[in-house]
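2 protein chains.
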Amino acid sequence: MNHIKTRINLPETTQKRIVIVGGGFAGIELAKSLRDLNAQVLMIDKNNYHTFQPLLYQVATAGLEPDSIAFPIRKIFKSHKNFYFRMACVNEIRPETQTIVTSIGDVRYDYLVLATGSDTNFFGNQNVAHYSMPMKSIAEALDLRSLILQNFEQALLSGDPVEKESLMNIVIVGGGPTGVEMAGAIAELKKHILPKDYPELNLSAMKICLIEAAPRLLGTFSDKGSGKTQEFLTEMGVTVMLNTQVKDYNGEVVVTQNANINSKTLIWAAGVSGAPVKGMKAESVNRGSRYLVDEYNRVIGYDNIFAIGDVSAHITEENPKGLPMVAPVAMQHAENLGHNLKAIFNNKVSELKPFRYHDKGSMATIGRNKAIADIGKFHSQGFLAWVMWMFVHLFMLIGFRNRVIVFVNWLWSYAIYDRGIRLIIRPFKRTSKETYEVRKAS
Amino acid sequence: MNHIKTRINLPETTQKRIVIVGGGFAGIELAKSLRDLNAQVLMIDKNNYHTFQPLLYQVATAGLEPDSIAFPIRKIFKSHKNFYFRMACVNEIRPETQTIVTSIGDVRYDYLVLATGSDTNFFGNQNVAHYSMPMKSIAEALDLRSLILQNFEQALLSGDPVEKESLMNIVIVGGGPTGVEMAGAIAELKKHILPKDYPELNLSAMKICLIEAAPRLLGTFSDKGSGKTQEFLTEMGVTVMLNTQVKDYNGEVVVTQNANINSKTLIWAAGVSGAPVKGMKAESVNRGSRYLVDEYNRVIGYDNIFAIGDVSAHITEENPKGLPMVAPVAMQHAENLGHNLKAIFNNKVSELKPFRYHDKGSMATIGRNKAIADIGKFHSQGFLAWVMWMFVHLFMLIGFRNRVIVFVNWLWSYAIYDRGIRLIIRPFKRTSKETYEVRKAS
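Those protein sequences? They're chains A and B, same order as listed.
Counted from 1, the first sequence has number 10 at position 7 by the numbering used here; the numbering is strictly sequential.
Counted from 1, the second sequence has number 243 at position 240 by the numbering used here; the numbering is strictly sequential.
Isolated chain A (complex conformation) (with noise of 0.2 Å):
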């Protein structure tokens, strides 16, 4: 069908052109960062819009619906004269001649920022690969969602009692704050929603699994707000395993070198790595697959090139691995190297300012009324840390429709216990052996 001859087709123009490859919140950022600016702004990315990744795990645990996570990005920018927005994959990066090879065509550069953030890391298990569900991208959310509530109507039908406890079980792989939130939120769905909408099921044989390889959950927490995520996990009926490893999966048994669990879910959240694009030099990307930067976020051995967001990695002492891939880094990153591409276009190179971090604290949510907050010497966990948490994450969605909207929708569970949006709108299938054979080569 597609025959269409595409090119990217930007007007001429004399300014010099800023490519931002990603609409996360690094390249949303710097973008709005550089409104005023006299150069010519590009951005691309593989979506049309902008996801606020922090609330996927509400949409995977039909607390969300996509449209109030999700911000479309031509919108954001539509009083930007000199931004343009293309939507394409970047295949490849060709720093000799200034140019980027697109599913659209190629475009040259004046400078370029990558900004592509992270990508699931299955450590090279590829069983675990192709039959675990990831939860990085929209997409990916609401397959997840469809397979829970498949599995819930196919343990309906099941006359085996042990197929009905694998369709039924839920394994989280992964104690950071997504796995936790995650098991949280599945831990409410048993209780209040699941129980009501399959009478017919004895709910109590559901297990829900934590599994984390340290030995503690939320590492990057202070000890205390670890031991309480713990405590209120173990609490709302969640096992958590600590110390443990997933050895393998084949979409039935979930083998750790401790147990095997009976789970035809298995949830995906242990690791990401960085997502660069090839083209560059083997020496400027790390074992984590990020873009080894310096202080002003130049990839190393390029004058024209940045990376910001998880993708990058700048190596200090403190910081031997780099900062951690999360969103106020993120933020931080783009604004400063938005305040530096000013003085770089203003001729005014002695104004650089290398990048500090302001460390502004860590948040996670286990359930209603209960949340981790570890702001500076202030630790927080229970009401006030959910409190925060709601009002922070409301704060920093775009668009006040979309938090009005995740208002109303929070509201309302808070207030009857209830979760909407259990819709299996696409059903969830596999992909064959071949598909992800793709999803692991790209």
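For the record, the hints were derived by calculation from the structure and aren't laboratory data.
Among the clues, some could well be false.
Just so you know, same-sequence chains aren't split out, so a pair can sit in one copy or run between any two.
Computed list of lysine-lysine pairs in DSS-like fashion (alpha-carbon distance at most 25 Å, straight line) [stated by the list, open to error]: (1) Lys49 with Lys199; (2) Lys432 with Lys139; (3) Lys194 with Lys84; (4) Lys432 with Lys49.
Put chain B on the given structure of chain A with help from the hints.
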């Protein structure tokens, strides 16, 4: 993967079993009315949710998300003790053994109610069936939303002015309420949204055509309503083509008896037919694929099989083609059959009531402050009709949360001339000819 042995797995009971096929307006309303009946009620639907079809066009045009107009069926009936739901496709009816054959196993019925609704009717034109976009389900509405946005992204990349227009042009076939509402919604997208999102495109080159075979739009409405509809649409920039038939479509050019229109988007709202299940006597189904029923909605030739809603046609002198395929008929059918089933279960056959349709009038909305209402002798066109349309539709939606979310979205769109949901979550790819053969056959 799916080697699970399934069976329909209903609890054993001495109660008689009523099987309802379909969770549309008719099926839901009927099941609600059977709440206190001493019977086992089983509903089967291929989706786990009820779709509020009158607002599908707003999903397709980025005004509402699916969750606002879909409602989980299990949730509606969570306090009904005698109600069971199974997500499955019904493949065949075997009246001789009082059994239906489904994708998850066979099930016996004492009473069977067919509420399978309607399907898009392409009048045998295989090219149109393959290349056009129908809009009868949420998945189809989302595909249409994706296609319109994808085509605009493509239009940016094309160097050929004819192709550019063809990517922007949208042709809607069918001047009934769905076609009219769709045309109006697209005209508003063209006026308020697309120019902001795509300042690089010349939107004045975009054509919106509404094609109708009859000499007027909204054929079931008053002459005044029809005329005003045409006037509103013309004012809004829609080219209304009456007495026009689509002869062919190859995905690029819409061929009518008068003219060819270049358009890569053809929306087919020109016809519906009933969606019967195989296995019934040929003489019980009419030419419109609807079950012929008596005044008690009993399918001709069967004692214990009923049909309600779009899939049923009661042929009388006043209605030689049966009643219109609309929600109010379906809901009144359901109410009446609910009464009659209770009479049958209570052995009070004297209380059986023949069906009488109470026409409460018709409404269609065209755009902001523009709607048509024909209610008995009350005819209104414009703002008042539009306010009435909104409140009637809000009231008809199932679920308080859905009403609030839809209301917030409508207020938002009204206040700032915006539609928030310009998201391409699952890019649309036309199915291959093989998949299409399956669609045709099913």
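So, going through the hints one by one against the coordinates:
| no. | hint | verdict |
| --- | --- | --- |
| 1 | Lys49 with Lys199 | between (39 Å within a copy, 20 Å between copies) |
| 2 | Lys432 with Lys139 | both (18 Å within a copy, 22 Å between copies) |
| 3 | Lys194 with Lys84 | between (51 Å within a copy, 20 Å between copies) |
| 4 | Lys432 with Lys49 | both (22 Å within a copy, 16 Å between copies) |
The structure agrees with every numbered hint stated previously.
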